[in-house]
Amino acid sequence: MTDMANHDATTTPRPRHPAVEAFEMFTRNLSAIVGLVLLMLIILGAFLGPMLYPTDPFEMVWAPFTPPGQEGFLLGTDYLGRDLLAALLNGARVTLLVGASAALLSVCIGVTVGALSGYYSGFVEEALMRVTEFFQVLPTLLFCMVIVALFGTSLHMIVLAIGVVSWTGVARIARSEVMRIKQLEYVLAARASGATHSQIILFTILPNAMPPIIVQATLMVGSAILFEASLSFLGLTDPNVVSWGQVIGANRQYILDSSFAVTIPGLAIFVTVLAISLIGDGLNDALNPKLRRR
Amino acid sequence: MTDPVLRIENLTVEIRTRTGVAPVIDDLSFRVDTGRTLALVGESGCGKSMTALAIMGLLPRGIGRIVRGSILLGAEDLATTSPARMRSIRGNEIGMIFQEPMTSLNPVYSVGEQISEVLRAHQGMGRKAAWSMAIELLDAVHIPNPSLRVSDYPFQMSGGQRQRVMIAIALACRPRVLIADEPTTALDVTVQAQIFDLLKDLQRDTGTAIILITHDMGAVTEMADEMIVMYAGRMAEAGPVEAVISRPRHPYTRGLISCVPHLGAIVDDDRPLLTEIPGIVPGLGQFGQDRCLFASRCELSDSHCRSARPAAYAITDGHSAACWQAGGAA
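Chains V and P, in that order, give the protein sequences. So that you can map any letter, position 227 of the first sequence is 360 in this note's numbering, and since no number is skipped, the others follow by simple counting. So that you can map any letter, position 43 of the second sequence is 62 in this note's numbering, and since no number is skipped, the others follow by simple counting.
Because the hints were derived from the structure by calculation, they are not lab data. Just to be clear, a hint being listed does not mean it is correct.
For the chain P half of the interface with chain V, some residues (derived, Cβ under 8 Å), not all of them [said to hold, decoys possible]:
| no. | residue |
| --- | --- |
| 1 | GLY81 |
| 2 | GLY110 |
| 3 | ASN111 |
| 4 | VAL127 |
| 5 | SER129 |
Per the computed footprint, the stretches of chain V lying under chain P, defined by three or more beta-carbons under 8 Å from a beta-carbon of chain P, are [as the list claims (entries may be wrong)]:
| no. | region |
| --- | --- |
| 6 | 206-214 |
| 7 | 222-228 |
| 8 | 264-278 |
| 9 | 313-324 |
Idealized CB from N, CA, C, for every residue including glycine.
Take the sequences, apply the hints, and build the full model.
Rendered as structure tokens:
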């Protein structure tokens with residue numbers, strides 16, 4: 134028996150797991166790797182930075198608007214004389230966490246709504262899709278601002294607000310995937326072996342619908358970070374935590390005199406969102422090989 | 020005769036189409052006994068697969084429904100049983116295998132997980148017991164190195180192997196009835212014969228009654244004991260395979276048989292290389308009319324055929340044909 138197994142293994146190359154192939158395709162994609170390395174550096178900075186550079190971002194340490202590189206302040210100081218490097222390092226954690234948890238929340242809402250409306254036809258589908266369309270036509274930033282303005286500017290509320298306004302794209306993707314997969318024969322086979330509807334949605338259909346949802350979720354982390362920055366810029370932010378958008382918002386009146394205080398956190402947001410987009414594109418190419426542009 | 024394990028009586032299934040309601044299965048009755056194989060034969064659109072779905076309780080919701088008749092599994096009528104009870108019957112007491120082995124296994128789970136899932140759901144087995152049972156089942160369906168292949172994914176198997184896995188899943192709980200919906204249509208001819216041999220072996224061991232849905236007369240003669248020829252949702256001819264194949268009484272059955280190429284047969288004017296049945300199966304809109312639905316394609320048809328639905332005419336014990344001409348055309 135063992136001999137035969139070895140024989141099989143050497144003569145016929147066994148097809149490899151699609152996940153392995155996707156991983157290799159991802160690692161061969163230069164821009165995706167650049168994005169991944171950048172994001173890793175940013176995450177490292179966010180979690181190790183405050184330990185290595187323990188300056189309090191809320192403390193006045195020097196004269197306002199010290200330009201970068203002077204008086205020992207690598208990135209200078211803001212309009213209240215607070216260290217911008219400390220703000221950047223401490224703000225990274227908040228920015229990334231808000232981005233990731235808001236994206237996670239909107240994926241959860243979107244997948245639930247999309248899967249239910251894709252699987253069940255009739256009333257459930259109609260009702261859920263009308264709700265989705267309702268959320269889709271709302272001006273998202275405005276709706277976000279209304280939620281935060283009404284219910285307070287705690288971080289939880291900001292995450293909730295971003296999640297609630299941005300799930301419609303995921304819902305549509307999930308719905309179309311579920312509608313495609315539910316017609317496949319293995320779903321009928323699962324029903325023929327006695328699976329319940331919820332088992333079929335959770336364990337048969339959704340695992341097969343994940344690739345495009347993963348891509349969308351990655352890209353959504355980027356857009357959630359932008360959302361958070363927009364809200365903070367408008368002053369709708371938790372005053373007790375630093376985030377990049379908040380630094381920009383606080384210094385925006387002085388943009389003409391000391392543009393660095395706005396530019397530096399702006400660049401940080403730009404680089405982070407770019408890195409996430411590169412990763413998202415790389416994942417898209419790796420997970421949906423049929424859609425790849427040639 | 021033993022007690023039938025599955026008895027279908029006067030089953031009528033209607034489906035809703037854009038133009039109205041059509042009886043896609045029209046007053047169909049048959050029985051299957053333990054350890055026997057019944058073949059449902061006919062062209063595409065004759066209601067063969069609908070019969071299977073009706074038995075499984077998987078008619079498309081809101082579109083198809085059973086309007087009359089009963090599906091008796093033992094003493095239980097599946098046509099009226101609750102959805103929860105139906106779920107515990109599916110996969111446990113009635114198993115099903117499908118036409119397309121390439122797509123009927125879930126690509127994200129290993130075959131072992133898919134086999135043990137059924138065992139855990141219906142037999143209450145633990146994870147470990149179900150896994151080792153899955154290995155035994157793979158061995159039973161002649162997959163080499165079952166203890167290694169059990170953790171393979173469907174894409175690592177050939178079409179024939181996947182169909183064997185499907186059979187292992189369908190027979191995992193030793194169901195009383197196995198519905199095989201064109202199980203070999205998508206496979207190579209050599210693999211077809213292997214799958215049929217396997218099904219026959221397993222049937223001998225488990226006593227499962229098999230309903231074989233096919234349009235392949237070769238498969239019928241190889242596998243089945245009894246056969247039903249279906250046309251436009253109705254029974255055209257039914258009986259023991261031997262009798263129906265050698266003495267077909269319904270013109271449609273004769274047409275189907277003459278469509279099969281015979282290797283080595285003498286080809287002359289009486290028996291051309293291949294014959295065909297002219298025309299096509301009528302559209303759903305014409306189903307259920309009170310006439311012989313085959314009349315428009317039949318060379319024997321007369322005004323009687325076009326004005327009244329033929330009743331089943333018993334020829335010998337167990338052999339019957341629904342044709343006005345069957346009595347005289349012997």
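Open item on the list: Need the list of violated hint numbers for this structure, in ascending order.
Closed with: Going through the list in order, the structure violates hints 5, 6, 7 and 8 and respects the others.
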